[in-house]
Amino acid sequence: MILDCLVTPFTANAFLLNALLAGILVSVACGIVGTFVVLRGLAFIGDALAHGVLPGVAIAMLLGLPGMLGAAAGALGMIFGIGFITRRSNLSPDTAIGLLFVGMLALGVAIVSRSHAFSGDLVRILFGEILGIRPSELALQLAATLVIAVLARVCYRPFLLLCFSPEQAEVSGFPPRRYHAIMLGMIALTVVVSFRTVGTLLVFGMLLAPAASAALFSRKITTMVLSASGIGAFSVYTGLLASYHFDIAAGAAITLAASLIFFILLTARQLLPAAGAAGRTK
Amino acid sequence: MTTRSRILAAALGLTVLLGCGRDRAPAAGGKKTIVATYSILAAAVQDLAGDAFTVRSAIPNGLDVHEWEPSARDIEALTHADLIVENGLGLEGGMGKALDQARQAGVGFFTAGDHITVRRVAAGEGIPSGDPDQAAGARDPHLWTDPLAVKAVVDALAVDLGRRFGVDLSARAADLDARLTALDAEIRARAAALPAGRRQLVTGHESLGYFAQRYGFKLVGAVIPGMTTEAEGSAANLESLKRLIRQTRVSVVFTELGTPPRTVEALARESGVRAVPLATHNLPPGGDYFAFERGLSATILDALK
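If you read the sequences in order, they're chains A and B. Under the numbering used here, the first residue of the first sequence carries the number 516, and numbering increases by one thereafter. Under the numbering used here, the first residue of the second sequence carries the number 1100, and numbering increases by one thereafter.
Okay, chain A solo, but in the shape it has when bound (with noise of 0.2 Å):
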């Protein structure tokens, strides 16, 4: 009976079981690349960069290339811009990221609404297809998120010094703005091999959620990660089972799973000092 709730939705259904694999290879991406952004406060970008993709998914289904091209050109257009700004004028990266972020979710828009080609489109790119994830978009997205972990074990000491002391980054050899660049660079490819999944809007969910959820009560950033992946993987789970049993949307089932086991968390630790001592991430 529990089982026939809890397990059978996913043997029955392939569309959902791919939707659970896609969403947890999502989920295990944006645990370790979400983990830095809450640790390095690049909230914002990582905002942005999930904004920011979709004129470049607009342009590239007008031309009929592949939406993830796209994405990764909106995205490096976006890293580029806000480093353009900033060196060029006196304004500050949270003004360039915002001035992008507005300017280029406007021009998707104004894009979309105004071409024949996929009048409809944008909720899509907005918040995602994950019940109709093609087998062969989940070996593109566990090779992606291979190379993320691959990434973030190779630079780990550089992103730990990054996220604690900067300055004691360049005097260890390790170049912040270099590395800085990196980190750009993965949220960016998270972004990109995940809005397929879960689409631009809600991945930032994922990106944060978790993290913050796990940064609630992990001391050291290996159990972190570990943890941010673990709720990820969980609020996917309950997402598609709640948009199973209650009809609800499944992308929004899911970020709304990743953000109430925030608020849960938070509330436990309010109630539980014992808990609440650990909780301070180093």
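In case anyone wonders, no lab produced these hints; they're calculated from the structure. Quick caveat: nothing in here was measured; it's all calculated off a predicted structure. Honestly, I wouldn't trust all of these hints.
To be verified - Computed list of chain B residues with no C-beta within reach of chain A, every gap over 12 Å:
1) Asp1146
2) Ala1235
3) Leu1247
4) Asp1254
5) Gly1315
6) Ala1335
7) Pro1359
8) Arg1373
To be verified - Output of the computed footprint for chain B on chain A, the stretches with three or more beta carbons under 8 Å from beta carbons of chain B:
9) 574–583
10) 604–616
11) 757–767
To be verified - Using C-beta positions, here's what the derived DEER-type ranges look like:
12) B:Ala1397 x A:Leu518: 46 to 52 Å
13) A:Leu657 x B:Asp1213: 44 to 50 Å
14) A:Phe595 x B:Asp1213: 42 to 48 Å
15) B:Arg1297 x A:Ala783: 56 to 62 Å
16) A:Tyr671 x B:Glu1175: 58 to 64 Å
17) B:Asp1401 x A:Gly579: 23 to 29 Å
18) B:Arg1297 x A:Met516: 25 to 31 Å
19) B:Arg1238 x A:Thr610: 48 to 54 Å
20) B:Asp1150 x A:Ala625: 51 to 57 Å
21) B:Arg1297 x A:Val669: 55 to 61 Å
22) A:Pro608 x B:Asp1401: 55 to 61 Å
Glycine included, C-beta positions come from ideal geometry on N, C-alpha and C.
Got chain A; can you put chain B on it based on the hints?
Chain B in isolation, oriented as in the chain A frame:
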């Protein structure tokens, strides 16, 4: 101002000026302008009005009728129209505000939905969903898939135009009536040749209710169970659809503009159904209402054969 920025400013000004001259055709010869909200309705109105009026479609042919939102110029065109012909059954979701504005500006309205027997969603029809427009009793706006409903609309419009503008369109209306009746008979004969067990429809959204009702088809379900394309699919819905497809042995899913393509792909992989694109809300290139309805029925009947 540096020279460079002067040149830039001049170039910008010129672009704006050139842009203004673009496609702003004045109402030719003082003819009255009728704006129909979407292309298929406009095509039917055009068939009736002939040269007596300038007929335009507010929503360009090829765009999603349920989702389209007007630009500033589109709103201007609406408020300057002599008559707006709308569907009126909740079809033009994104246009609500613009149509209200036109109404306030005193533009005359003709509402197609007022002149037909409105189809209401029957209890137990399709896939149950929380969508209020799919609840039993909800009004179905997709009246143009039934030629006889279109006939009722153009008949009423002929009378309305006569009263409003003093134009006698009775001869054209009678001619159009005859053609629509013939079209109905033609589709009816072809549909009757299809065994009843095959007259079952799975569509992108619930768009073929009037067609199904007229020609004895059963509505099995839709990828997005609702009257519009705007909703996002849930796992529950996709699973029910899969089960329904298995139970009813349906082999074809008709996909429309706005149908989530990958979700249909997943459904096709799992249930062995074939996805057939169907133009339900748009005219074929250069075609009129008759070309649309013939194309629609031919695609459906050929796929289900």
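Hints and how they fare:
1. Asp1146: The assertion about Asp1146 (chain B) holds, with a minimum of 24 Å to chain A.
2. Ala1235: holds (17 Å)
3. Leu1247: holds (29 Å)
4. Asp1254: Check passes; 32 Å lies beyond 12 Å.
5. Gly1315: holds (30 Å)
6. Ala1335: Incorrect as stated: the minimum Cβ-Cβ distance to chain A is 4 Å, not above 12 Å.
7. Pro1359: At about 5 Å from chain A, Pro1359 (chain B) fails to clear the 12 Å cut-off, so the statement is violated.
8. Arg1373: Check passes; 16 Å lies beyond 12 Å.
9. 574–583: It is violated: at least three residues are needed, and the stretch 574–583 of chain A offers just 0 whose Cβ sits closer than 8 Å to chain B.
10. 604–616: That given contact is violated, which follows from only 0 residues of the stretch 604–616 of chain A lying within Cβ reach (below 8 Å) of chain B.
11. 757–767: Since three or more residues must qualify, the claim that chain B covers the stretch 757–767 of chain A holds, with 10 doing so at under 8 Å.
12. B:Ala1397 x A:Leu518: 46 to 52 Å: holds (48 Å)
13. A:Leu657 x B:Asp1213: 44 to 50 Å: Given range 44 to 50 Å: violated, Cβ gap about 57 Å.
14. A:Phe595 x B:Asp1213: 42 to 48 Å: violated (56 Å)
15. B:Arg1297 x A:Ala783: 56 to 62 Å: For Arg1297 (chain B) and Ala783 (chain A) the Cβ distance comes to about 57 Å; the hint holds.
16. A:Tyr671 x B:Glu1175: 58 to 64 Å: Check passed, 59 Å falls within 58 to 64 Å.
17. B:Asp1401 x A:Gly579: 23 to 29 Å: With Cβ atoms ~27 Å apart, the hint holds.
18. B:Arg1297 x A:Met516: 25 to 31 Å: Violated, since Arg1297 (chain B) and Met516 (chain A) (Cβ atoms, about 39 Å apart) do not stay within the stated range.
19. B:Arg1238 x A:Thr610: 48 to 54 Å: For Arg1238 (chain B) and Thr610 (chain A) the Cβ distance comes to about 49 Å; the hint holds.
20. B:Asp1150 x A:Ala625: 51 to 57 Å: violated (37 Å)
21. B:Arg1297 x A:Val669: 55 to 61 Å: holds (60 Å)
22. A:Pro608 x B:Asp1401: 55 to 61 Å: Given range 55 to 61 Å: holds, Cβ gap about 59 Å.
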